[in-house]
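Trainee: Sequence:
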Amino acid sequence: MTQRKTPTKMVPAPSHGIIPERDLNVSPVLEARHLGIEFGGLHAVEDFNLIIGKTEIAGLIGPNGAGKTTVFNLLTKVYQPTMGTILLNGHDTAGMNTVQANRLGIARTFQNIRLFGNMSVEDNVRIGLHNQIRYGMFSGIFRLPGYWQGEKRQHERAMELLSLFDMQDLASHQAGSLPYGAQRRLEIVRALATHPSLLLLDEPAAGMNPHETEELMENIIKIRDQFGIAILLIEHDMNLVMGICEGICVLNYGKVIAKGTAAEIQQNPVVIEAYLGKRKEG
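Note that our numbering has the sequence shown beginning at 1028, numbered continuously upward.
These are calculated hints, taken from the structure and not from any lab test. Any given hint could turn out to be false.
Said to hold, decoys possible - In silico lysine-lysine, BS3-like type, Cα no more than 27 Å apart, as pairs:
#, residue 1, residue 2
1, K1249, K1286
2, K1036, K1286
3, K1036, K1282
4, K1249, K1036
What the hints assert, rightly or not - Restraint ranges, calculated between C-beta atoms of paired labels, are given here:
#, residue 1, residue 2, range
5, T1125, P1296, 32 to 42 Å
6, D1252, D1150, 49 to 59 Å
7, N1145, T1109, 36 to 46 Å
8, V1126, D1193, 25 to 35 Å
9, H1157, A1233, 18 to 28 Å
10, H1157, S1190, 14 to 24 Å
11, D1196, N1145, 15 to 25 Å
Computed from a prediction, not measured in an experiment: that's the story for all the values here. Each residue gets a CB set at the ideal place from its N, CA and C atoms; glycine is no exception.
Whenever a hint applies, use it, and build me the whole structure from the sequences.
Mentor: In structure tokens, the structure reads:
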């Protein structure tokens, strides 16, 4: 497994976690405290604690069925936790729905791509811009100048976001006709259109070849740097995880079994036993 040549210095955070040193003097984008959920008496996630710095690229890894996507569903309010607290940019998200959580600054992609396949690439991105529409219903119905100005701004913003992945020339194409890797990138662009401060990526490299994965790694870092946001990703490609993630949380059977830097996780015997593979004896 490859690892970045100059690892980020991770330092203790006030709320018993580790974050990049550069984020130490700003409030964390996410704090999950003793988070849990039960389904029919079964603890799908239990006592989950995580802190993510303002511009951190973090990883959530673990075996299939460990509860990783359930954590994403809790953070984005698809599920309401039965215990614990989620603070997003310092705000308690208790009682919020998915739309309210998104407006507060959290966006995600899905393990199974969820694009509007019959709509154009640009229109998929414009859907992500819905919470930034500034003209009113009256202006929209009667096509007043405010409507056209808003449409122009949305078009320009959509093209700007698509250009991040060199997809601006595909704006008029039907989203469902794109190759798999391009659909993955479009889903990320649509999530970015909602103007998040925390972007959750659920297995973004799934189905990608090595070249596409390498390109994805570069784009994730570019997104973090250009937008100044935090990114939390679920991923089974350990080269990607160890290559770009600064803090890594390992989940197994709904419980956190380890947290640390890439180097620490790779050397952790509990993680090796549960997920990365047993050491060879000899």
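Trainee: Compare the structure with each hint and give your call.
Mentor: Right, here's what the structure says about each hint:
Distance restraint check for K1249 and K1286: the Cα-Cα separation of roughly 25 Å lies within the 27 Å cut-off, and the hinted pair is therefore satisfied. For the hint linking K1036 to K1286, the alpha-carbon distance of about 15 Å falls within 27 Å, and the restraint holds. The hinted pair formed by K1036 and K1282 meets the criterion: a straight-line CA distance of about 26 Å does not exceed 27 Å. Simply put, K1249 and K1036 have alpha-carbon atoms about 19 Å apart, close enough for the 27 Å limit, and the pair holds.
At roughly 38 Å, the beta carbons of T1125 and P1296 sit within the given window of 32 to 42 Å. Take D1252 and D1150: their Cβ atoms lie about 28 Å apart, and the range 49 to 59 Å is violated. A C-beta distance of roughly 38 Å is found between N1145 and T1109, which places it inside the suggested range of 36 to 46 Å. For the pair V1126 and D1193, the beta carbons lie near 31 Å from each other, so the given range of 25 to 35 Å is met.
Range check, H1157 to A1233: about 27 Å between beta-carbon atoms, so the 18 to 28 Å window is met. Against the hinted window of 14 to 24 Å, the Cβ-Cβ separation of H1157 and S1190 comes to about 21 Å, which satisfies the hint. At about 20 Å, the CB distance of D1196 to N1145 agrees with the hint of 15 to 25 Å.
Checked against the numbered hints given earlier, the structure breaks only hint 6 and satisfies all the rest.
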